[in-house]
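Asker: Heads up: the protein sequence lines correspond to chains A and B, in order.
Just so we're on the same page, the numbering used here is the position in the first sequence counted from 1, plus 11.
Just so we're on the same page, the numbering used here is the position in the second sequence counted from 1, plus 219.
Don't read these hints as lab results, they were simulated from the structure.
Check each hint, because a few of them may be wrong.
[Said to hold, decoys possible] Here chain A is said to cover these stretches of chain B; the calculated rule only asks that three of the stretch's residues, wherever they fall, bring their Cβ under 8 Å from a Cβ of chain A:
| # | stretch |
| --- | --- |
| 1 | 241-247 |
| 2 | 271-281 |
| 3 | 413-420 |
[To be verified] So, partial list: chain A residues that the calculated Cβ filter (under 8 Å) puts toward chain B:
| # | residue |
| --- | --- |
| 4 | THR362 |
| 5 | SER380 |
| 6 | ALA384 |
Using N, Cα and C, we set each Cβ at its ideal position, and we do this for glycine too.
Next come the chains, spelled out residue by residue.
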Amino acid sequence: MTLRTKLLIAAGVLIVFASVGVYPILASYFTLPISAALSDMQLKLGLDLKGGVHLVLRVQTDDALEVETETAMEVLREALRTAEITTTSIQTTSPVEFRVEGLSPEQEPGFRQAAAEADANFSRSPGVNGSYRFTMKPNVQLTLRSEAVDQARQTIERRVNELGVAEPSIAEQGADGDQILVQLPGVTDVARAKEIIRSTGLLELKIVEQGPSSTREALLVNGEPPANMEIVPGDGDAGGGAPGSTVYYLVPTVAAVTGRDLRTARQILDENNLPAVSFDLNQEGARKFGQVTGSNLGRQLAIILDNRVSSAPTIEGRITDRGRITGRYTSQEAQNLSLLLRSGALPAELTYLQEQTIGPSLGADSVRSGVIASLVGLLLIVVFMLVYYRMSGVNAIVALLFNLVILLGFMSYIGAVMTLPGIAGFVLTMGIGVDSNVLIFERIKEELEAQRGLRASINAGFSRVFLTLLDTHIAALIAAAFLFEFGTGPIRGFAVTLAIGMVSNLFTATFVSKSLFEFQLSRRRQATTLSI
Amino acid sequence: MHIFKDTTFDFLRWRWHAVALSGVMLLAGSVMIVTRGLPLGIEFAGGTAIIAQFEDQPSIEAVRTALTEAFPGGGQNIVVQGYGDPSLRQVLVRVPEVGDESGASLSTIADETSEALRQGNLGEFTVIGTEIVGPAVGQELATKGIYAFAASLMGILAYIAFRFQLSFAVGAVVATIHDILITVAFLSFFQYDLTLNVVAAILTVTGYSTNDTIVIFDRVRENLRSRRREPLRDVVNRSINQTLGRTVITMGTTLFSAVALFMFGGEVLRGFAFTMIVGVITGTYSSVFVAAAVVTLWRGRNTTARATAQSARVASPRPALPKRAKSNRRASAS
């Protein structure tokens with residue numbers, strides 16, 4: 012390779028990486044003209060530098076299993092009723108198990124036939140006195156759990172998008188796979204974001220069988236709710252009780268229409284000019300809603316949100332495709348509610364495991380300190396190299412700057428996020444870059460002292476140190492790979508920066524720096540001394 | 220300019236002194252860790268921390284008093300300290316507890332803390348940052364951190380064993396473990412919290428220390444090929460002397476960066492920078508005095524270079540380099 016080619020390659024690499032990594036930053040700082048594609052590539056700052064909210068939630072996947080078990084139990088109960096098979100009790104014993112008791116021996120063949128449908132997801136084992144235990148199969152449990160996490164993640168994504176957060180990051184994580192990491196850069200209203208993310212948002216419409224009643228006990232029959240019924244609390248003032256008190260309604264366990272049948276929801280003002288939420292049903296929902304309202308004229312319809320009756324208006328005519336939720340909402344609450352209904356319900360309850368809020372001022376402080384520290388470190392190194400290695404020090408500094416430009420450009424190109432530990436990775440890369448040059452220069456000095464001639468000494472310096480550099484850099488790359496694979500958040504940011512830094516450093520220390528030496532020699536063909 | 224020119228220090232003569240010095244340091248460090256403990260950062264220990272920026276800087280004492288009076292349960296275990304530059308008027312309050320890990324109640328302690336500050340009449344303030352880590356996440360982060368650490372250490376060592384030979388890998392292991400222990404002892408003495416950032420710094424130190432060790436080992440390997448009749452001890456000594464200039468200069472420039480980070484890098488990076496400073500110094504020391512000494516001790520005092528070179532060639536995956544003069548000629552022709 013001729014010197015000319017080498018210098019051209021080096022210049023080309025510099026221009027490409029500088030235009031991707033450095034120019035967008037300068038352009039946004041000094042408002043220079045820039046193409047949209049390039050400006051999109053500008054190095055992104057992590058939460059710790061930009062400010063924002065970092066949340067880790069756990070999906071209570073047991074909830075999803077419980078729903079499945081209850082549904083299967085209801086299906087079996089219905090099948091047994093149709094087949095006229097009597098039992099003393101059918102009830103759940105855990106989120107993944109339910110028991111049937113008191114079956115007479117002559118009814119068992121009929122029972123087994125009726126139970127066949129539940130068999131796909133449950134394994135059935137007989138006990139004493141005509142009892143049977145249905146346990147959910149392990150692979151079904153596993154699928155349901157991962158589906159619940161997946162669904163929760165998608166729902167959170169929709170909600171976050173409705174909130175209008177730029178560049179959110181939502182991902183599943185954790186050893187058990189039941190955690191969701193939510194990062195919302197630039198969000199300041201943390202309380203609202205948190206509330207919206209974890210509200211279940213389950214809307215159910217049910218016919219009121221009995222109530223409202225001021226006590227729970229008044230609705231019980233023999234100390235428990237009647238079969239297939241449940242008791243749901245609601246606001247006193249909506250149900251005709253004293254303001255602030257709680258009243259109770261008896262409603263069927265299975266809802267006539269749920270939030271799943273919703274097409275859209277939006278905030279409106281009701282006839283009293285109070286904020287309310289109006290919703291539209293899809294075709295299937297409209298059909299069911301029409302059927303229920305048509306056959307229950309004059310009765311009350313409970314609008315239940317997350318297991319609390321928000322209102323229970325009387326059905327005055329057959330309604331098909333539209334409904335309204337009123338309560339004493341503030342405008343913000345009505346807006347949040349319509350957002351929740353639009354984004355769909357969560358399949359399971361969420362709990363917060365970790366919350367971190369970084370105010371924008373705190374992030375800006377960190378950026379400033381990080382940049383100042385890097386510049387001071389760089390300056391000290393530059394001064395030292397110039398004093399100690401004189402003219403050759405210039406080569407080292409050029410190689411070092413080259414290295415930083417490539418590092419910035421590559422990180423921007425792959426969309427890596429700059430975090431505080433990432434800045435530390437920058438500083439370490441700088442240190443190792445200098446070390447590479449020191450190794451080479453010390454070796455050249457040694458060769459010069461052994462009277463090997465200028466050209467031979469420079470060549471020997473580079474070629475002998477190359478193997479050492481390879482060893483040290485590969486060792487660092489191995490460390491970075493393991494850190495990335497097993498580490499979390501900040502450690503990974505550090506690993507990415509370090510790995511890119513190692514590769515670009517190997518290029519600049521051996522290729523760029525050597526080309527610069529050769530360039531200097533080509534200008535002084537008779538040279539016998541080197542300023543080093 | 221030369222810092223060291225043709226030095227002939229007998230580093231290996233001092234190896235027993237080095238063993239004694241390291242032994243004393245490690246013993247003192249272990250006592251330190253056992254008695255003073257290593258404070259875990261909030262990521263690992265779990266807990267609640269809030270950073271409040273005040274209109275007028277209250278004294279740390281006043282903040283503590285306010286919390287003791289108004290915080291439910293008295294708040295004896297609350298840590299209060301200034302955060303960042305004093306001109307920013309920021310105070311960090313750390314409470315070891317978190318709210319229940321159910322629903323949205325994880326943040327109750329944080330709310331109680333800012334409420335207590337409000338009742339303390341300390342003037343206007345805004346909470347500019349909070350961090351709440353529940354015990355489940357803390358445990359998981361700690362486990363993952365340890366795995367990442369152990370895995371990357373094993374990776375480096377396997378590489379050295381592959382590129383050099385077993386005695387060199389053992390030397391590098393001993394030196395690296397030595398550095399980690401001493402660094403942790405210093406963290407414990409100065410009561411720095413062990414955070415994820417500090418773990419990253421300890422890993423950096425590990426990388427730096429092996430980097431240093433590899434440079435010296437590389438020179439030993441090279442010299443073993445050209446000076447077969449010399450005792451191993453002399454070859455190692457010569458190699459350390461030949462790389463001494465580089466060792467010291469690199470330590471210096473890395474220290475420049477680390478000290479700049481320590482002084483200007485802000486509160487979050489201070490623990491990171493401190494770990495780097497300690498680690499770079501002990502890493503350099505251990506490469507010169509510990510790693511090489513272990514290699515000679517492992518292979519016995521009187522081994523000649525020839526025997527070591529032979530086993531080095533067997534262990535080395537690439538063929539031995541041609542003689543020195545020859546490789547020079549080839550290199551200069553390119």
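Asker: All hints, please: hold or fail.
Answerer: Now for the hints, and whether the structure bears them out:
1. 241-247: violated (count 0)
2. 271-281: With 1 residues in contact (Cβ-Cβ under 8 Å with chain A), the coverage given for the stretch 271-281 of chain B is violated.
3. 413-420: holds (count 5)
4. THR362: holds (5 Å)
5. SER380: The hint holds - SER380/A has a Cβ within 8 Å of chain B, the shortest such distance being about 3 Å.
6. ALA384: Hint on ALA384/A: holds, closest Cβ of chain B at ~4 Å, below 8 Å.
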